[in-house]
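Visitor: Chains A and B, in that order, are what the protein sequence lines are. Just so you know, we're using my numbering here: the first sequence kicks off at 2 and counts up by one. Just so you know, we're using my numbering here: the second sequence kicks off at 2 and counts up by one.
Keep in mind the hints are simulated off the structure, nothing from the lab. For clarity, every value in this text was computed on a predicted model and none was experimentally measured. Possibly wrong hints are sitting among the right ones.
Calculated from the model, a selection of chain A residues having no Cβ within reach of chain B, i.e. all distances over 10 Å [unchecked claim]:
hint, residue
1, T38
2, G59
3, D124
Reference listing, derived: stretches of chain B covered by chain A, where coverage requires no fewer than 3 residues with Cβ under 8 Å from a Cβ of chain A [stated by the list, open to error]:
hint, region
4, 46-58
5, 146-152
6, 354-365
7, 432-445
Cβ atoms here follow ideal geometry from the backbone N, Cα and C, with glycine treated the same way.
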Amino acid sequence: MRSGRSFLALVAWVVILPCVLHARQLAIITDKTNTTTNLTAADLVKIFNARSRNWPDGKLIIVVVRDPSCTEMQLVLRKLLNMTPEQASAFIQAHHEAIVVAESDDAVLRFVSTSRGAIGIVDLYSLTQDVNVLKIDGKLPVEQGYLLRGN
Amino acid sequence: MTRNTKICGTTLCGIMAALMGGGLLLAPVVGMAQQTASQQGNPEDAVFPLTTKSPEARRLAEESLWLSVDRAERKESAEILRKALQIDPEFAMAHEFSALISQNSADQLSEQEKASATRNHASPPEQMAIEWLQDAADNKLMSAIPKMNVLLRQYPHDKRVVWMAVLWLRRQTQYERAIAVYEGSGIADSPGLMNNTAYNYAHIRQFNKAFAMMDQYVAALPNDANPQDSYAEILRMAGLFDRAIEHYRAALAINPQFYASQFGIADTYALMGDQVRARREYAIGFQKFSALELQEIRWRTREATTFIREGDYEGAGRAFQAIADYARSRQNGRAESDTYRQMAIYQQNPKQALIFLDKAEAVARKAGNPLKIAMVQELAQILRARVEVDLKMGKKKMADSDVARLAKMSESSGDKQIEVEYHGANGAVLFSQHKYDEAISHLEEDPDNPFSLRLLVVAYQKIGYSAGAKWASEILANLNDPTLEQALVVPAFRKCYDTPACSDHAKAAPLHR
């Protein structure tokens, strides 16, 4: 049986999906028990840079993202992290204990909805009722000025 | 799911357990298992219910849906649905289908309200569908989307649910998601869904997949004109004009009364640059077919646009004014207002543009509209055009003030189209102020508008985002819509596309059309 470490590495790099560009809105999601409802853009940057590792109640934060080469992540990289896909890939590899790469929005939703402390990013139109959607700087994805909207 | 952190005692182990239990690692395997389960008749074959006290009403509703979805026979479909609702006026999903099928905004609104009012007579899944589409109609996307996805999970292979989802997602311009829903459904016997999916592929410019889907659609309905007409339109979108005309002619050979194909031929000649031939084909269409009023105005507008394509602004003025006069004679205030707005858009003299915008606004306000939102949408379009004129005239404060009005209209209405107008206008203002990063975030919300796309190309270049600039340039240079906006922007852009010396002109483009 594989060790946990190599198992996660496999998760992180086994699937690279081709992506196309078009305008979209991304939602930041957490599990239903998470009491946080809003994050500032600065909070998000800290979480996705693995500098914030715990929620206010002490629970560990697990970040779930799509592949860095994917459209959704390009928007995140450009608007949130200021990293190239290559830098992000290296960063995730270096922080694989805290950041998980999922192959689809459904996989992100399944993981976040069943994992306390998880936080993920999905396309707005993939949302289900199994997760909470966080505001960023007081705004939901459908509101003007929301951070994670665009190409 | 089982999450055995006690035994593992580490975060990593917890993550692994969650991955396994949550299906993250197993996602590809799960996908295959679902397909197999479906083939074996497991719950994946769940059928979305249609609750009515009358079996005949249900049969009629199903027949209506088949006609609408798979045969594109909307008129006949609507008639049959009306019969079903006469038999059972409390047939909630029939009201919902009626709202979805209708081309008339007032009917859509009225039928959606009836669906909501009668939903207590329906089963829980039907209630969920009605609430999803009611939320969507009320622009409550955060509530609508999860409900749609609940239904898609419960009925991933049900044609009715898949059709509702694909149709709605396409209207939301969520082409990739619509494709994913269709491809994941495994439905292979619905010509209508093939047609819809082909257009979705075309919108994301995956034309090979669109053509493959169209081949299936044509093969499924070899004696229908619509597959040939759709194929032609997608070929035209791809810039394959000669083949597009062949397919339009094939559609007319199957059904000589399929007037959309005649006008499609005319549109295609206009895009090919042969305006004389285009006008001849429009004339044949107007002579042969007594089209509906709004459709005639639409094609008359395209015919008038051929003069713009030739640079004959006087000819365009006469043609557009004739349309405005015709619309007024038919008491079609919205069409009259919209025609004046379009006349403003192509004016080279901004003062003249303002005169037309004043006319457009006066007509829109005087005419009113049975649907308040339709009038607000028209006013928003006019206001956006005002912002462009403000910028041309160097009236920066006025532009800011107009954008602020648009922002208020957008916020108070919650309407997607009005929001897009706001973003396009605000993007143009921010661009003129050289605030490219901020401009981009707005212009990206208006990706189908050639004016915004043109600004986006330059804004991306300005911030050093060359991949974005290349992408936007390719989209714009290959835009083959027979619209006034396309005529005003794309041919000129194409001339500059591969010419670095043109870049300065492109930068100035928003101020000089």
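Visitor: Look at each hint and say if it fits the structure.
Guide: Verification of the supplied hints:
no.	hint	result
1	T38	holds, 13 Å
2	G59	holds, 13 Å
3	D124	violated, 7 Å
4	46-58	violated (count 0)
5	146-152	holds (count 5)
6	354-365	violated (count 0)
7	432-445	holds (count 3)
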